[in-house]
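A.B. asks: The chain contents come next:
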Amino acid sequence: MRLNNLLERNKDDIVKQWLFSVIDTYPADTSKFMKMQKDPFANPVGNSISVNLGPLFDELLNEMDYESITSYLYPILRVRAVQPILSTSQSTGFIFLLKKVIRESLKKELSDKDILKELLHFESKIDELTLIAFDVYLKCREKVFEIKANEERNRTFRAFERAGLLTEIPADRPSL
Amino acid sequence: MADLKPEELIARTDFTPPRTGWMDTPTVIREGMFCYAAKPKSVATLGLPYPREWNPLDDDWKLPENWKEIIIEGMKDRLERFRTFKIFMDICVRCGACADKCHFFIGTGDPKNMPVVRAELLRSVYRNEFTKAGKILGKIAGARELTLDVLKEWWYYFFQCSECRRCSVFCPYGIDTAEITMMGRELLNLLGLNIDWIATPVANCYMTGNHMGIQPQAFVDMLDFFADEIEDTTGVRVHPTYNKKGADILFTTPSGDVFGDPGTYTAMGYMILFHYLKVKYGLDVTWSTFNSEGGNFGLFTSNEVMKRLNIKMYAEAKRLGVKWILGGECGHMWRAITQYMDTMNGPADFLEEPVNPITGTKFENAKSTKMVHIVEFTADLIKHNKLELDPSRNDNLKVTFHDSCNPARGMGMLDEPRYVIKKVCKHFYEMPRNCIREQTFCCGSGSGLNASEDMELRLSGGLPRANAVKYVQEKHGVNMLACICAIDRAVLPPLMGYWVPEVDVTGIHELVTNALIIPGEKEKTVNLRGEDILNKDEVGPEEYYTRPDFSGR
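Line order of the protein sequences matches chains A and B. According to this note's numbering, the first sequence is numbered sequentially starting from 17. According to this note's numbering, the second sequence is numbered sequentially starting from 1436.
These aren't lab readings, by the way, just hints derived from the structure by calculation. From the three backbone atoms N, C-alpha and C, an ideal C-beta is built for every residue, glycine too. Check the hints yourself; a few may be wrong.
What the hints assert, rightly or not - Residues of chain B clear of chain A, computed beta-carbon distances all greater than 12 Å: (1) Ala1576; (2) Gly1577; (3) Leu1625; (4) Met1642; (5) Gly1756; (6) Tyr1906.
Said to hold, decoys possible - Listed next, with one range per pair, are the computed distances between beta-carbon atoms: (7) B/Asp1667 to A/Leu77: 53 to 61 Å; (8) A/Thr104 to B/Asn1869: 30 to 38 Å; (9) B/Arg1529 to A/Arg169: 42 to 50 Å; (10) A/Ser127 to B/Ile1526: 36 to 44 Å; (11) A/Asn20 to B/Asp1584: 49 to 57 Å.
If we strip away everything but chain A, and leave its shape as in the complex, we get (with noise of 0.2 Å):
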């Protein structure tokens, strides 16, 4: 568990590297934004990041935990199922960027055999941490879907009522 050990003594600044690349998803303009305001009510969406790649960094260290593991993506994908500035790879993908991130920080160390094994089985867990970032990403469209479908079909049962064609069942019928 040597690499174990690397990457707990490298956490921060693995964590920064990380954090950085995934706010670089964004155009520019908006990634520099995201990194200077601190502000979690002015920058919610950078808040969102920051506040969750540590702990989810901490499970890949761990037993991944599944339930804690959705509990700190949902915050980040809630708010990339609803920005169609991003496609749906590049929404979930940023769970990849990590590898970059633990390649470049631990080049040196990676000379070594057994370290580099170890690094092959992080990776699926990365991988692994992946596939549930997929399944809370999908989660988040099927509500926002649940929600059009609800305006759509309020809307329409509106309109019948509008328009005199719906009639209440009385209180006191039996019902069906």
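Using the hints, position chain B against chain A.
C.D. replies: Leaving out everything else, chain B in the frame of chain A:
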């Protein structure tokens, strides 16, 4: 696709966003971010030019051949007529103070939603056509030619601005970017390029008096239905009057509240309040089935159309011979009244300067427009102890207040809503300072963008608001978001449903009449929504909140 090799597949997955400046980054019209095109019938009803079927996703927008000439002429005409437009085109120094203040920029992450860039979309063409520097230096001076792509970019981004004016609060020069959007939309309307969510409500309003196209008899039916509901929950029968000549006050409110939950409960609230004032003080407030709309989507089309719809309220007040007009919890109606009415259709000299006949208070701010905001009216009644209230009936609620953009920034109504809420509810919690009052974040769906096809735009644009609500929900257990705008009441429930499902939405007058002790009422066990209210003699609030049947859960 199946024949792709892994490296080819990777090459197609480019995670690097464009690093070009805004002018060199092509605009892609994306699903979920725009509203459908205006139906030709609605455009024709209003007598606006170029009604036709067209689709924003098509290459061909079926524009008239001389479209460019029409736009440039339209710009010239407006630069001459509106001094603000000319000044706003000239004085921006691009300091960037507004750049990160727009909820659409914050939420969508799209730099063209920075207010400064949105204005530059228009300003670049202005420089090219109307300034020497732009004509000579071109791109170096921030100028560019008006092309079809530029026109499409205008359409896409001027209909991604809710005209909320948060950006203008931060502009050191006082540039009102919302007015730039308004000009942009006026120009687009010269080519029949409106969205249907605006054009059809405007046409409806023009023909039937309200955005929904409700006929007078259906309007009465709906209010009668509310009277039945009120009788069920309070035991009191209210008798609203319609089109009553010689009434003291004409009441005007958005039709959205008559037909959509949870606004309907706010409408019931008005009815109960007017009944109370009639019984206790003999005040005669009448509704109009012809002037059945307070909202004015004309504001999102052009100043002429706004004027056409606005006059109806005053014409009806004149016809009925009332003293003054009381306006409901609406958003942009107050923008139109406070900022434009006086120079548009005013001053309304044929009405009286508004005085509350019950308290004697003069509404000095409404001296010229003769139209008083109901929250101010109710705050005045409460201040003079004219309403008998039992705030414990709202003990099941932990309330926060969303300053609706137009009453807050368009008329400066910041304290009255809070005063009223605190008098009728015991549990009130503010959202963080940079999300409320004059810095309030928009619902993300204002200015006619509350359709369902642009849901991604609405949900991302509403994120900054929802994020602040989430904060008070987690910190204080807030379960109710109060607001004073009918669009808010229509759009905040789905917004909350996505970001903070624990929180419901209400108008202030629903809260007021939950607490109001109506003469002759039966013992209240449920509120207007039919939810159980806390019996204060049985359990304390803390215990109540933890009960499994707690209605705010």
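A.B. asks: Looking at the structure, which of the earlier hints fail to hold?
C.D. replies: 6, 10
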